[in-house]
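Trainee: Sequence:
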Amino acid sequence: MRELVLQQGAWANIAPKRNRKHPICFSRHLYRARNLVERFFNK
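Residue numbering for the sequence shown follows my numbering, beginning at 13 and increasing consecutively.
Keep in mind that the hints were calculated from the coordinates and are not lab data. For clarity, every value in this text was computed on a predicted model and none was experimentally measured. Think of the CB as a built atom: it goes at the ideal place given N, C-alpha and C, for glycine as much as any other residue. Heads up, some of the hints might be wrong.
Stated by the list, open to error - The calculated DMTMM-like cross-link candidates involving lysine to aspartate or glutamate, where the alpha carbons are at most 25 Å apart (straight line), are:
(1) K29 <-> E15
(2) K33 <-> E50
(3) K29 <-> E50
To be verified - Pairwise CB distance ranges (calculated):
(4) L16 <-> R46: 16 to 22 Å
(5) N31 <-> N54: 29 to 35 Å
(6) N54 <-> H34: 30 to 36 Å
(7) L16 <-> L42: 14 to 20 Å
Please work from the sequences and hints to get the whole structure.
Mentor: Have a look at this one:
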């Protein structure tokens, strides 16, 4: 999934599992802000 998003010029901000050996880039701020977008499309 992340590779497909990168190929399209975007950034996948998917929360990683805590036990992952090699951590990936992740923004907690953007992950929490997704709620606004989800509420917009659910109306």
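Trainee: N31 and N54, beta-carbon distance inside 29 to 35 Å?
Mentor: holds, 31 Å
Trainee: For the hint 16 to 22 Å, verify it against the beta carbon of L16 and that of R46.
Mentor: holds, 18 Å
Trainee: Hint says 14 to 20 Å; check whether the CB-CB distance for L16 and L42 agrees.
Mentor: Once the Cβ atoms are compared, 18 Å apart, the range 14 to 20 Å for L42 and L16 holds.
Trainee: Quickly compare the C-alpha distance for K29 and E15 to 25 Å and report which way the hint goes.
Mentor: Since the Cα atoms of K29 and E15 sit roughly 17 Å apart, the hinted pair holds (cutoff 25 Å).
Trainee: Has the given pair, K33 with E50, been kept, meaning a C-alpha gap of at most 25 Å?
Mentor: violated, 30 Å
Trainee: CB of N54 to CB of H34, is that within 30 to 36 Å?
Mentor: holds, 34 Å
Trainee: Can the restraint linking K29 and E50 be considered satisfied, given a maximum Cα separation of 25 Å?
Mentor: holds, 22 Å
Checked against the numbered hints given earlier, this structure breaks only hint 2.
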